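*Asks:* The chain contents come next:
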Amino acid sequence: MVQRHQSPVSRVLLWIIILVATTWCIFPFYWAITTSFKTRNDILTRPTLVPWLDFKPTLFNWQNEFGNRWPEISHAIRNSLVIAIGASVLSIGLGTLAGYGLARFRFQRWKNRDMTMFFLSQRFLPPMVTAIPFFLMINWLGLTDTLPGLILANATFTMPFAVLIMRDVFKDMPPEMEESAYVDGASHLQAFWHIALPLAAPAVSAAFIICFAFAWNEFLFGLILSYQNATPVTVVIAGLEHTQGIQFQAVSTRLLLAILPPAILALAAQRYIVRGLTFGAVKG
Amino acid sequence: MLQKGRTKLLFVVPGIAWVLIFTIFPLLYSLRLSFYQAKMGTPMRFIGLQNYVRAFSDYRWTNAVFVTLFFVFCSVLLTVSLGLGLAMLFNRPIRGQRVFRSLFTIPMFTAPVALGYLGLTMFHEEVGAINTILRALGMLHLPAWFSNVWMARWAIVIVDVWQWTPFCFLVLLAGLAALPEEVYEAAVMDTASGWLIFRYITLPLLSPVLFTVIILRIVEAFKVLDIPFSMTSGGPGAATQTISFYIYLTGLRNFNQGYASALAYLLLIAMVVIATAHFRRMRHSFE
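Chains P and E are the protein sequences, given in the same order. Going left to right, the first sequence walks through residues 1 to 284 as my numbering numbers them. Going left to right, the second sequence walks through residues 1001 to 1287 as my numbering numbers them.
Hints were generated in silico from the structure; no laboratory data involved. Possibly wrong hints are sitting among the right ones.
[Unchecked claim] Computed spacing ranges between beta-carbons, pair by pair:
| id | chain 1 | residue 1 | chain 2 | residue 2 | range |
| --- | --- | --- | --- | --- | --- |
| 1 | P | Ser10 | E | Leu1031 | 56 to 62 Å |
| 2 | E | Gly1194 | P | Leu189 | 37 to 43 Å |
| 3 | E | Ser1207 | P | Asn229 | 47 to 53 Å |
Fair warning: this is a prediction, and the values are worked out from it, not measured in the lab. Quick reminder that beta carbons are idealized off the backbone N, C-alpha and C, glycines included.
Given the sequences, and given the hints that come with them, work out the whole structure.
*Replies:* Structure, rendered in structure tokens:
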């Protein structure tokens, strides 16, 4: 970047804007966290912002969440974990293969670029468009309210991330090592498995995290494909009471449990987020 | 690259098969459904284009289209311009930039449903954080976020803006960082006006990235369902009932699957138009 002369005033202004942006970004989490340490009384009588200063924090809500209410939410967390991991494994498996194929080989009958767009278009499709036939199909397969049913649905929606990220990563990788393996008589699959894949391991784990986060956060298909046994966290959250008497303190503990896993994981995929979420259109 | 054998097909066929089974087949099935009167409990009957015709006189559908267009327009405009502004600010050596960037990735990865609920507690008219702050700032007529039609619409826009501004910021920052420095050095010699440099150098150079961000944002915004679902339940009345929300209610609550499929196809057509614009431009890079 060009070093332009900066007056102290503009420096101060810059930091004020940064401060505002950071506050804007953090505040909702701060609100959820402080709310989770308030009593119902504190919440309903007067609005409070700072613990100790204007309300006395209590562990009650968390004790309640991990006590009485734990069976329900722990079941949902387990479901979400199984669904998100299962879907990510499937989409990474299929996506890494396809991404490698698209990056390394030239296909004649169906051009590479059209194939890439075919995979990508999946992500442009509003989930609601396939929700009804998917619902009927899962029903027909007898997979309603089962984890495999939800894994299938989520893998379908996360696969474009895997294909496009891996295609981009393999394209950036020099092909010489694989070529020398071919000279030694290796097959395509061997070159892929023993040489390209290990080199791409960091990208694979980043793609995995992105798929995991989107599957964990998915709501619509969880809502229509499960009602009891396979309900993921997002659906349990949406089932919280929704009237005047909304229990802020009880809601906030659950929200935090739902929000934290993918948010923390995403920090580890930092380097790949820009290219991942733009499907390789912008290099981060 | 080597062309030997047909093993290269092994790499792409499983993925293609998956998309054919779990996306293309359902799409074809719902295309068929959209020409039928298909309501759970009643026999299916072919009715041609009647479902599509019906949509144009369905005031709830028109409402959903309007709500969605308002949402898409406001959300995309705000996220992209705020993201661009922030990216311009951050595109210089700033101490702790990595920390800020990590911080800004968190909103993108929070479940929208949970965010809607968080919004519910924050926008609460009496004891929510937002009205508390507005009151402290001396505002007398506090906004009625959930009982006023337009305020409720703005509330869902604000939550979405909160979630997706960081995405625009990070992508545009990456775009800015990749611009060639020499051009700037030359420009700084010629003019001192930051605006001129922005208008005639930064913006044109950045436009491919900007275009990508806008398209991706439009596509995501059109899918909106989770936030109004959990935050406003589509209310007050149907003020925040988006297209996806209305299709959900029609097809999966009232089980009018034929009509819902027709509506879904209308949404699909809009998406195809937008996606085509993007794909045509991206084509060469998918080679």
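*Asks:* Against each hint, give a clear statement of whether it holds in the structure.
*Replies:* Checked hints:
For the pair Ser10(P) and Leu1031(E), the supplied restraint of 56 to 62 Å holds, since their beta-carbon distance comes to about 57 Å. In this structure the hint that Gly1194(E) and Leu189(P) lie 37 to 43 Å apart at CB is violated, the actual value being about 55 Å. The hinted window of 47 to 53 Å between Ser1207(E) and Asn229(P) holds, with their beta carbons roughly 50 Å apart.
In summary, the one numbered hint that this structure violates is 2.
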